[in-house]
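Listed below, chain by chain, are the residues.
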Amino acid sequence: MTRTKTSGEKQLWPFETVGTKVNGWVDDLGAVGIFLLRAFIMVFRAKQLPSIVQQVYYIGARSAPVVMLVGLFTGMVLGLQLYYTLVKFGSTGALGSAIALSLIRELGPVLTAIMITARAGSSMTTEIGIQRISEQIDALYTMRIDSLRYLVSPRIAASIISFPLLTAFFDIIGILGGYLTGVVLLGLDAGSYFYRVETSVEIDDITGGFVKAVVFAIIVSTICCFQGYFTHMRTDAHGAKSVGLSTTSAVVLSCVLILISDYVVTSLLL
Amino acid sequence: MKKYSHETVVGAFVVIGLVAIAYMTVKLGNVSLLGDDSYSLYAEFSSVSGLRVGNPVEIFGMEVGKVEGFRMDQEKQQVVVDLKIKTGIDIYDDAIASVKTAGLIGDKYVSIDPGGSDELLKPGDFILDTQSPIDLGDLIGKYAFGDIKKDGGETKGEEE
Amino acid sequence: MEDELIEFKNVTKRFGKRTVLDNVGLRIFDGDVTTIIGKSGTGKSVLLKHIIGLLAPTEGTILFRGKPVYEMDRKEFDAYRSQFSYCFQNNALFDSLTVFGNIALPLQQTTRMGKKEIETRVVQKMEQLEVADVSDKYPSQLSGGMQKRVALARALVTDPKIVLFDEPTTGQDPIRKNAILSMIAHNQKRFGFTTIMISHDIPDVFYISNRILILYDGKIIFQGTYRELERLQHPMVDEYISSLKGFEKEFLTPVSDGEAFGLSGKDVKIAEKKDTVIVAVLTLDELDALTEKLGQKRTDEILQSLGEYLNRHFGDVGISNRMAKNRFAVIFNHMDAKRVESMVEAFTRELREQGLGEAHPDTGGLIDSGKTVSLAVRVGLAEASPKENIQVTADKARSREKVIARFFCARCET
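Going down the list, the protein sequences come from chains W, B and Y.
With the numbering used here applied, the first sequence closes on residue 270, and no number is skipped along the way.
With the numbering used here applied, the second sequence closes on residue 160, and no number is skipped along the way.
With the numbering used here applied, the third sequence closes on residue 414, and no number is skipped along the way.
Hint data in this document are derived by calculation from the structure and do not stem from the laboratory.
C-beta atoms are modelled at their ideal positions from N, C-alpha and C, and glycine is treated no differently.
Check each hint, because a few of them may be wrong.
To be verified - Covered by chain W, according to a simulated footprint, are these stretches of chain Y (three or more residues, beta-carbon under 8 Å):
| hint | region |
| --- | --- |
| 1 | 94 to 105 |
| 2 | 136 to 148 |
To be verified - Computed list of lysine-lysine pairs in DSSO-like fashion (alpha-carbon distance at most 27 Å, straight line):
| hint | chain 1 | residue 1 | chain 2 | residue 2 |
| --- | --- | --- | --- | --- |
| 3 | W | K47 | Y | K9 |
| 4 | Y | K161 | Y | K9 |
| 5 | Y | K115 | Y | K137 |
| 6 | Y | K116 | W | K47 |
| 7 | W | K88 | B | K100 |
| 8 | Y | K49 | W | K241 |
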């Protein structure tokens, strides 16, 4: 989120710009943190279940086809690429393990999160953003309906439910995709493929993958809702344009943070 | 446009998703279905290099249990490995437990030759005959630097 | 005197460098219909938003029943806001919900009412505001006027004690405008609700307002009743009135209904030129009872017919004015009393023969008073003494009113 520049003496550059920018980031971070906390607490209030179910439909169920399609092709391309690499070591038997582990530990959670961001995250930002600029959120205020509870909490809750489920779909279909290329196409032994899958995957890998999925869920939903909710505070644009910019920021920021947090969580788990 | 209500779709979605997660957790993650119908045996090794908790225990190539834990016996300078074996698998007191590698660079596992003596090992007993894992690096080093006899003689560079 | 409900003390609001409210001090009383008028864009909406808490003043305090609003704790503040309802200028409807969904939302989210009860109340409000037909439609599918009515329904469905309207009648046709305004007046009379509204709908809003506030250049330049407003000398008031007159001169013929409200001094000027001035006042009785029994639409139709009659008979010879919802005044210049009287008689005759809109003349037969509604038209005449204020003459005429015709409306079911 951009900030209007404070006037300052020129000789303090670049310290002042850097300082202001960092201050800005810390402020934003604090704001996002409080936003998340308050919205999360509201998840457990009454009357939320129907809205949460609705949001699971839009965020989860409707993203399923896309996620499964991407999962299939990811698995298939992994099958191809890894086969030709493993052939050089004479270890094509390890294809099952390689694919399963890559998907379950990394590609499943990350790619699922990115696909959902593109689909549902962007629409969260836009919907809430438009409601903000057309004063609908103010209208909720005048009716003493907490807009955070009504708009944001269900989306965060639905994301936490949907991301792991969709990640599981991605993983399973990805492994099947690897089967399609590795076994059906390239002639690997089906038995050993699935055997390797079963034996090499451990419970830690699976829980690790789902922990990542939940972390990503929280990041994506919070950032996308936050950007939409405060779109009126942008100084660089107003009206429809600000909603557009907010959506772009939300999607980009979400994807970047998915990858950064992926590293952080991975290093914590290993 | 609503043939099925949103709620139905969500219900289906959540159920299928949970089934998928359950499948992955159980089937792939090797969640211990051994549980209570298993018993512990112990084996001491001078080295358990590469062996980890959860690695399988096999007899004749079939998985019969898991490595449950490790303990150091500093008096005897050995590592005591806790092996969880499925109830019903008989192992005798002349059994041999070896730490082997699956494939050339695979995971380690404990292979048990159950033996054939008359005495059955009871829960908590020790398998006395053990073989520590072969350290591949050592082996290659020995070969490369000439500690292993070739044609009965030592290979020592210029000498010969 | 009523209780003081809301007070602004030295309230200033700045947005960056722009000062929108400048040291505003005002009072709003419980049970009143208060109207805020002012040029567009002068901060009336900003003022209203302060009352509901959407904006906070840069300086100054806002008091509610004597208590400073921004010093209330959370519970008190919530209780404070629970008495209000707000209707936005741009409606701010939830465009992803149907009309029904929009109106039901406040009930669903803030009360514990059951589904059936909510449905009943929502349907009742929709019928009251004539949007029941479009209950399943989405706001983007409705016209501006209908959207406004949905917004009104939504604001009123919770039966709030205090309602804030930001331009409730903008964009509505005259009949609906009057319907909305009389609904507001009705709510006040029947239930004692307080209304604070912003409107440009002069002079119609003056019929129903107890108190008028004028915002000019960020300052409140007037607070008081309409009568007090008449005596006010201020550039803005003159601006308003002269712009109205200028508009008329350019586009309209001098005689029309709905000229400046009441009889102002300007009319006297015209009258002064001639010698004798006679004022006739015509009233339709029992307007409230009528509206209740017949509904707004039909009552308006009847009033309209009355207006048309007046125009037809007296349009060429006098200036007719609307003095109140149900009262017309005609100023006759340089005509003698006899002439005026005979004209009024002719008028009465026609009225008795033709009836008034749906109402038929009462010919003396048996009427079932349960099923029918009766109306009465009264007329009074008075001659103005030289240099007398026209208003005084009008009052004189009123006091001399006699019933000239009665009607009953048999088709009007309650």
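Do the hints match the structure? See the list:
no. : hint              : result
1   : 94 to 105         : holds (count 4)
2   : 136 to 148        : violated (count 0)
3   : W:K47 <-> Y:K9    : 40 Å, violated
4   : Y:K161 <-> Y:K9   : 23 Å, holds
5   : Y:K115 <-> Y:K137 : 20 Å, holds
6   : Y:K116 <-> W:K47  : 17 Å, holds
7   : W:K88 <-> B:K100  : 25 Å, holds
8   : Y:K49 <-> W:K241  : 25 Å, holds
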